[in-house]
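Sequence lines, in order, name chains G and A. Heads up, my numbering is the position in the first sequence plus 71, with the first residue counted as 1. Heads up, my numbering is the position in the second sequence plus 58, with the first residue counted as 1.
Hint data in this document are derived by calculation from the structure and do not stem from the laboratory. Just to be clear, a hint being listed does not mean it is correct.
Derived DSBU-like pairs: lysine-lysine, alpha-carbon spacing no greater than 35 Å straight-line [claimed, not checked]:
id, chain 1, residue 1, chain 2, residue 2
1, G, K145, A, K72
2, A, K111, G, K204
3, G, K86, A, K72
4, A, K103, G, K180
5, G, K180, A, K72
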Amino acid sequence: MIRLVDVEKSFGTQKVLNHLNLEISNGKITVILGRSGEGKSVLLKHIIGLMRPDSGEIWIDDQEITGLKPRGLKEVRKRFGMLFQEAALFDSMTVGDNVAFPLREHTRKDEAGIDKLVSGLLREVGLEGIEEKMPSQLSGGMRKRVGLARALALNPEIVLFDEPTTGLDPVMTDAIGDLILETKRKFDITAVVISHDIALSAKIADELAMLHEGKIVEKAPPGAFFNSSVPVIKKFVNVQKFSLPSRDDELANHHD
Amino acid sequence: MFKLINIIGLSITKILSEMGRMVLLFIETLSWVFRPPYRPFLIVKQLEFVGVKSTLVVIITGLFTGGVLALQTYYGFKMFSAESLVGATVGLSMTRELGPVLTGLMVTGRAGSAMAAEIGTMRVTEQIDALSVLAVNPVEYLIVPRVIAGVIMLPILTVLSDFLGIAGGYFVGVNLLGISSGAYINKLIQYVDLSDLYNGLIKAACFGLILAFVGCYKGYTTSGGAEGVGKATTQAVVMASAMILVADYFLTALMF
Chain G
72 MIRLVDVEKS
82 FGTQKVLNHL
92 NLEISNGKIT
102 VILGRSGEGK
112 SVLLKHIIGL
122 MRPDSGEIWI
132 DDQEITGLKP
142 RGLKEVRKRF
152 GMLFQEAALF
162 DSMTVGDNVA
172 FPLREHTRKD
182 EAGIDKLVSG
192 LLREVGLEGI
202 EEKMPSQLSG
212 GMRKRVGLAR
222 ALALNPEIVL
232 FDEPTTGLDP
242 VMTDAIGDLI
252 LETKRKFDIT
262 AVVISHDIAL
272 SAKIADELAM
282 LHEGKIVEKA
292 PPGAFFNSSV
302 PVIKKFVNVQ
312 KFSLPSRDDE
322 LANHHD
Chain A
59 MFKLINIIGL
69 SITKILSEMG
79 RMVLLFIETL
89 SWVFRPPYRP
99 FLIVKQLEFV
109 GVKSTLVVII
119 TGLFTGGVLA
129 LQTYYGFKMF
139 SAESLVGATV
149 GLSMTRELGP
159 VLTGLMVTGR
169 AGSAMAAEIG
179 TMRVTEQIDA
189 LSVLAVNPVE
199 YLIVPRVIAG
209 VIMLPILTVL
219 SDFLGIAGGY
229 FVGVNLLGIS
239 SGAYINKLIQ
249 YVDLSDLYNG
259 LIKAACFGLI
269 LAFVGCYKGY
279 TTSGGAEGVG
289 KATTQAVVMA
299 SAMILVADYF
309 LTALMF
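Looking at chain G on its own, in the form it has when it is part of the complex (with noise of 0.2 Å):
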């Protein structure tokens, strides 16, 4: 489980955490929602350890990692994958490259053994035989894909995903979001996703939690959270459901 206590986190005056909680279970998909520029992002490196709080507790199962020096964070953070928001791949490397970089750093595996994990991870993500591409080759949705197979390089028992469907057409947005479950299943993870996205949170989370104004303001299963009378989510769910026309409309401006 991960828990965050009592976290505060400011940037000059402006404080992007205000005193935020949060539990994640074990093996389920949570979906933390919010607005952009509410620190979504920055919640996420908090419980990676890429930020520090400037007070509060962040705990992975029975370890609290805020105090950690940077061997025993080091150790933690190859219990964590992450799928960074435009995928960060090493844009020195080839592909098959960057998927190997975890293997080659961490384990004591030869070369053609990498090779088959990385043809392996390539094909779990739907990239078979790419290995020899520059990442600059690849569109949008493939460079998340490869992301999301070097996360998985170590077999993480968590993986972190920032705004994965962000700058991606509907068709991608939704595979990703079967990869998601997918990975989930195969991989048996805990998944925490932040996006804003409600469609891709509606398919795949387990829970859902809202982070508005530095706090968590509910959390909750879909059902219960997409009825939620928490006014910002009311009015979070409620602007992206209208925001596309109904069929309706579109008949009727396709006879006008």
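Based on these hints, arrange chain A on the given structure of chain G.
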């Protein structure tokens, strides 16, 4: 009046805080130089980038600097019939000062700026965060190989520059201005000690350290997207060049 004091105070605070960050990163970098994991492949790659790929620019700089030195000193020395001292003057100037300083400045422009741009781009595209998440220390992986390459390659490039400067001076002095070949070489051997060469190479190693570290530091602390990368690159060149010239004065005062 208070506004002025406030502005001065803020500027001083900013400078001190930047110096503090630089010193901390420098200490961290040094601490990783002697600790595993050692990365011979990355060091060789940087040796090639800093050294081999800077060869042409160093050849041109050395050759023409020696030539112009011979040309300038010839006309001065001719006034009191001391043309034979051109060789010694070119030799001393190149080995003690111009070889290391000009090599340092040229490599700063070519390699120091590229280091800032590359690491800066990695920072703004979250590739440095990705390294941390993959449990690899970015300082050890990115900065240490570049700093080692700078310290090793600058003296080697300086030897090349010294030699070509003396050769360029020889060509201009002997072939174009009619100084006797024997006088040029004899005075060169008479006045230029091996200690001049060694001290020049120690300077070069210090300049290599400065240009590589400043380039890496500016890249590592980049923020603000593409514009930030541009700023970091410019600042790296300006700061490293200025630091090389300041360090040159103090090293000269200590050595000669």
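Given hint K72(A) paired with K180(G) - CA-CA distance at most 35 Å
violated (47 Å)
Just to be careful, I want the Cα atoms of K145(G) and K72(A) compared with a cutoff of 35 Å; is the pair within it?
The hint holds at about 31 Å.
Keeping to a limit of 35 Å between CA atoms, is the pair of K86(G) and K72(A) held or broken?
holds (22 Å)
Restraint status (C-alpha distance of K103(A) to K180(G) at most 35 Å)
holds (23 Å)
Against the 35 Å threshold, does the CA-CA distance of K111(A) and K204(G) hold or violate the hint?
holds (25 Å)
Of the hints listed earlier, the one the structure fails to meet is number 5.
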